[in-house]
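> One-letter residues, chain by chain:
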Amino acid sequence: MSVALASPAQTEGPDYGSEVEAAINRLSEHLQAEYGLAPRAVALLLLQGDAEILDKVRRLDPAGAENVATIVHQIQSTSPEPLSYTVALSRQAAAAGILASCVTYPARQRRDFGELLGRLAIHPLTGYPLMLAVLYFGLYKFVGQFGAGTLVGLLEKDLFGTVINPWLVRLVDAYVPWPALQALLVGEYGIITLALTYAIALILPIVGTFFLVFSLIEDSGYLPRLALLVDRACKAIGLNGRAVIPLVLGFGCDTMATVVTRVLETKRERVIATLLMALAIPCSAQLGVVLGLLSFNPAALAIWGGVVGATFALVGFLAAHALPGEKPSFYMELPPLRWPQPRNVLLKTYARMEWYFLEVLPVFVVASVLIWVGQLTGVFDLLVGALQPLMRLLGLPQQAAVVFLFGFFRRDYGAAGLYELAQNGALNGAQLVVAAVTLTLFLPCIAQFSVMAKERGLKTALAIAAFIFPFSFAVGFAVKVALAALGVSL
Amino acid sequence: MPIIALVGSPNVGKSVTFGRLTGQYAAVSNYPGTTVEVARGRARLGDLTFEVVDTPGMYSLLPITEEERVARSILISERLAVVLHVVDAKNLERMLPFTLQLLEAGLPVVLNLNLMDEAERLGIKLDLEALERRLGTPVVGTTATSGRGLEELRRRLYERGSGQPCPD
Amino acid sequence: MAIRLSRIGGSAATAASRVRAGSPSRATLRPQNATGGDAAVVPLSRFRPGEHGRIAYVETSEPRRLQKLLALGVLPGKELYLRQAFPGRVFQVGHSQFAIDDDLARAIFVRREA
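Residue numbers (this note's numbering), protein chains in the order written: chain V, 1 to 490; chain C, 1 to 168; chain L, 1 to 114.
Derived by calculation from the structure, the hints in this document are not laboratory data.
Heads up, the beta-carbon is just placed ideally off N, CA and C, and yes, glycines get one too.
Wrong hints could be hidden among the right ones.
So these bits of chain V aren't anywhere near chain C, every CB distance computed over 10 Å [what the hints assert, rightly or not]:
| hint | residue |
| --- | --- |
| 1 | L45 |
| 2 | S79 |
| 3 | Q92 |
| 4 | C102 |
| 5 | V103 |
| 6 | P124 |
| 7 | G138 |
| 8 | K235 |
| 9 | T311 |
| 10 | L347 |
| 11 | L376 |
| 12 | V379 |
| 13 | G487 |
Residues from chain C shown here face chain V by an in silico Cβ test under 7 Å; the list is partial [unchecked claim]:
| hint | residue |
| --- | --- |
| 14 | I3 |
| 15 | N11 |
| 16 | R20 |
| 17 | G23 |
| 18 | D47 |
| 19 | E66 |
| 20 | S77 |
| 21 | D127 |
| 22 | G147 |
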């Protein structure tokens, strides 16, 4: 071994063979500009067909660019194999050579419980039941029942409803002399009574429990296994298994998940995932409210789930066939299952809740103010009136229009309004299902729309919105007609 | 302020190392699932303050996904004091080619073998000093989740980033 | 939609491995007669769970697919063990496990070993 070479300044770099090395040298001569990487590395990227770097050469070294392109083309066309392959093999050989003297592996691999569990998690016979168990206990039991039920009950009804809000209302009534300002702060849609109460008592416990579960699943190494299990199903809707990461996260917050679609490789997949999340993935706040509303009515819950699920599958299937582009492909490393470290899980959960809270609270407050202004000026009533035909179409009471208007500001805000309406007994079972379906499919919240525009471009975001708006009402209408025709009473 | 960039493939614990170095889980730009945006924070090492940049996972300098493109653009466009290549100690054979590529690009690399506990549990024996000699660049073993090896990592980062011995 | 994993070029109908002496992890693609292949070398998509082998070569017309496999460290000369075939191929190389779909599995050619 050439230990003598290994002075600290020297590296045993890979040797790519005489032809490639000659090409590297010729290319380096033409690379005069500063690329942020050594000329040798730039030359290697060019040889591997890196279009981005070639563009950069055209910009920074216009004089040599044509020569560079010619040299690259020449060796690429004469090489019997793709150069990225040659380069990877040479690097691998160099790495193996170095490691031969630095690493010793055990003769046999040890097996432990984590490995067994990891195998069970992806075995077709045990993997799918396990997946359902994780979703049932993690999402339904913990987020749906504990977060959206128990915690929301404690915070909203007991803490805010009977202690904090009555006290604040008295305080404001006593010290703020103007009724208009009183309405802004503690009125029906007031900043304190509505925005703050919704954000803290309704939304926060739901997203908090969701992010806790998600961080646990993420840190345990289960997500890639989930991706493998659903890969085939994802292919049917033009995605690959990797899409399970944004899609599951969408059940927490679609806005955040829209950003995470970047883990998908192709533009086509990112557009499909963005569309499906905007349309048919209810975020945790919506989901919590819907589960809370419909959980006493299993048939209604099943119909809602069936309709939203079918919409998801159908639109995905159609999008996969309508959108041109590269077929999705799935490859993923399956890391060993690990025990999540409590500290890391809590830190992550906290960071996500903080992100979400900072995102949601200003929107709620702005919505309260807008509604207040709208009410003072009469614009609000005008809009509610304008929505009446749509409400009649869906067979919903007048007050539901208010809820749909909320939906423009934020989907979970609209869902929370639905909750209020149902609590007051203004909706029967069938109406509840129609309203829940329409609101779930309805236009994404303002925050999600702005992220869609940022990530996918304004044109795509507008196109998605233009599709979703009539489509969600059409589905709601279809559900109403179907329920009536079948004589289903819920 | 001198910059330290964390690079490496997914699932090697870059974000945990980032948290350990900066004392924060993430800036607002760190999204879950994977790090798809770049998180930036500050680390106090010895008598110097460094800016620490956590990049999305990448397997090589030749990007396949959007996130890899983002990661590469940081390596190319920012003037970096240290490139901390975080790798899985169990899978050195697969990860070292990227280290070689970073060195080939003339970047100021510190190689961080993370997940040392898992490698040891598998019975893998690593001679870090020999590896350091062969590579000609600093090599540090850590278990970021438990904090093991982090003092050494801080010291080596300081030395690589400032060109001076660490004043403790 | 057509499968994109066709063979490289027209005349280079298939390719076989040529292991270079003294460097076991190095191999190159070499065009060969289509029927002259090695019967023990099969695409990973035809491997059965529990089978061991050594990666002979990777063959795809699509640079991106090749790039993905190279990024994962799926390289000629490496030992491979197929753990399961459904719902996706799960295999082990070194101390890492990978999951890929059938399309990618068709690009990896493995020499069966007992």
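> Any Cβ of chain C at or closer than 10 Å to V/K235, or is the non-interface label fine?
18 Å, holds
> Decide, holds or violated, for the assertion that all CB atoms of chain C are farther than 10 Å from the CB of V/P124.
Given that every Cβ of chain C is farther than 10 Å from that of V/P124, nearest at about 24 Å, it holds.
> Is the Cβ of V/C102 farther than 10 Å from every Cβ of chain C?
4 Å, violated
> Min Cβ distance, C/D127 to chain V: is it shorter than 7 Å?
5 Å, holds
> Minimum Cβ separation between V/L45 and chain C greater than 10 Å?
6 Å, violated
> Under 7 Å is the threshold here; is the Cβ of C/I3 close enough to any Cβ of chain V for the hint to stand?
13 Å, violated
> Any CB of chain V closer than 7 Å to the CB of C/D47?
24 Å, violated
> Against chain V, run the beta carbon of C/G23 and see if the smallest gap drops under 7 Å.
Because about 11 Å separates C/G23 from the closest Cβ in chain V, which is outside the 7 Å limit, the hint is violated.
> Mind checking the CB of C/R20 against every CB in chain V and telling me if the closest is under 7 Å?
10 Å, violated
> Verify that the Cβ of V/T311 lies farther than 10 Å from every Cβ atom of chain C, and report whether the claim holds or is violated.
Fine: 24 Å to the nearest Cβ keeps V/T311 off the interface.
> If I take the minimum Cβ distance from V/G487 to any residue of chain C, is it greater than 10 Å?
Correct as stated: the minimum Cβ-Cβ distance to chain C is 45 Å, above 10 Å.
> Does the claim that V/V379 lies outside the interface with chain C hold up, using a Cβ gap greater than 10 Å?
34 Å, holds
Against the hints set out earlier in the document, violations occur for numbers 1, 3, 4, 5, 10, 14, 16, 17, 18, 22.
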